[in-house]
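Residue 1485 is where the sequence shown starts when you use our numbering, and the numbers rise one by one after that.
Calculated directly from the structure, the hints in this document are not laboratory data. Any given hint could turn out to be false.
Capping the alpha-carbon separation at 25 Å, the derived lysine to aspartate or glutamate pairs in DMTMM-like fashion look like this [unchecked claim]:
#	residue 1	residue 2
1	K1593	D1735
2	K1593	E1673
3	K1621	D1731
4	K1621	E1547
5	K1674	E1632
6	K1617	E1639
7	K1593	E1648
8	K1543	E1673
9	K1593	D1582
10	K1672	D1662
11	K1617	D1527
12	K1530	D1614
13	K1617	E1632
14	K1621	D1554
15	K1617	E1547
16	K1672	E1526
17	K1543	D1554
18	K1530	E1632
19	K1593	D1527
20	K1530	D1646
21	K1621	D1535
22	K1617	E1709
23	K1593	D1622
24	K1621	D1528
25	K1621	E1632
26	K1593	D1646
27	K1617	D1554
28	K1674	D1731
29	K1543	E1639
30	K1543	E1632
31	K1706	D1622
32	K1617	D1535
33	K1530	E1618
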Amino acid sequence: MSQRTLPLLIINLGGEMIYILDQRLRAPDESDEKTQRGCWTEDDRKRVMNDIVSTMFSKVFLEELLRPQDLYSHRALRTVLTRIAHTSIMRLNPASMDKLYDLMTMTFKYQLVLCPRPQDLLLITFNHTDAIKELVKDNPSLVNQINEAQRLLIEVYTPLSDGELQLIRHTLLLLFQDMQIRVSIFLKEKIQNPNGHFVLQTSGPVPYGFQVPGLIRLFNAKGREVMRTRFPSGGSYTSALNPGSLDLYGDRVTLLGTNMYSTPSPEDMNPSSTNTSRGKPKQVQPLLQAPRQFPGVQLTLKPIRHPILWPQRSSICWLN
């Protein structure tokens, strides 16, 4: 178990939470019962996003996260993320928070499963920070705050070896191994089975620096190649041309970790996807409305019109 796992877990889950809340606050209110979701204006949405992002990327909170420590339980993680969400004028009831937590954890689990290299975990994280910066681009101070947080992540994680990053990924997969919650958008795109297991494609780019499977080379005692034999690899593989940038800005190569509510579908985020419409936005129904045979996903967002009372310092989360 790696003690460097918690910061990446919180930032990636927090990023997915921000995507979902932003999409829900942008969705038109088609219900006659406006009190169920509240009357949210564009200014309200920006205020909610700014408050949540400011809290999640605060210096004190990040410094505490970056301290080597054991991974939190799901109950503690849910408490942390609930407190982060509730630092804004918005409130989620417990049932809505449960559904939100299930949705963002399954999305992040899908991203982890598709990591072709341990280093891609950092690319996924930086895709989240890049997308969050885009959501709050009208607030330069918040963008600078996220940049400072990203510099800390670069300083801590880029020197790690592939083995150390793989241990972090393995620790995360152990945390999510028993979570097999069905997500409607994944079922629709046929990247998840009805039993909750993800479908892994046998095609797409191989990890950067690796050769496409299908060739066996034989060498003699002097190290000279004496024979080549080809075999069917069972998939359509291609070479990766770019390792992806781990700088403050750059091409992350992968779409894993981007906002799937305003960008291509999860199928397009799959490294094995060869869809020619990869870069075209695809409309997603508000909050991934599930098929009729599954419970629908609906968040109850309640605007609070009085000043926010910040939570006290505790052993689980620091938001003061």
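Query raised in the report: Which of the listed hints are not met by the structure?
Result: 5, 8, 14, 16, 19, 20, 22, 23, 27, 28 and 31
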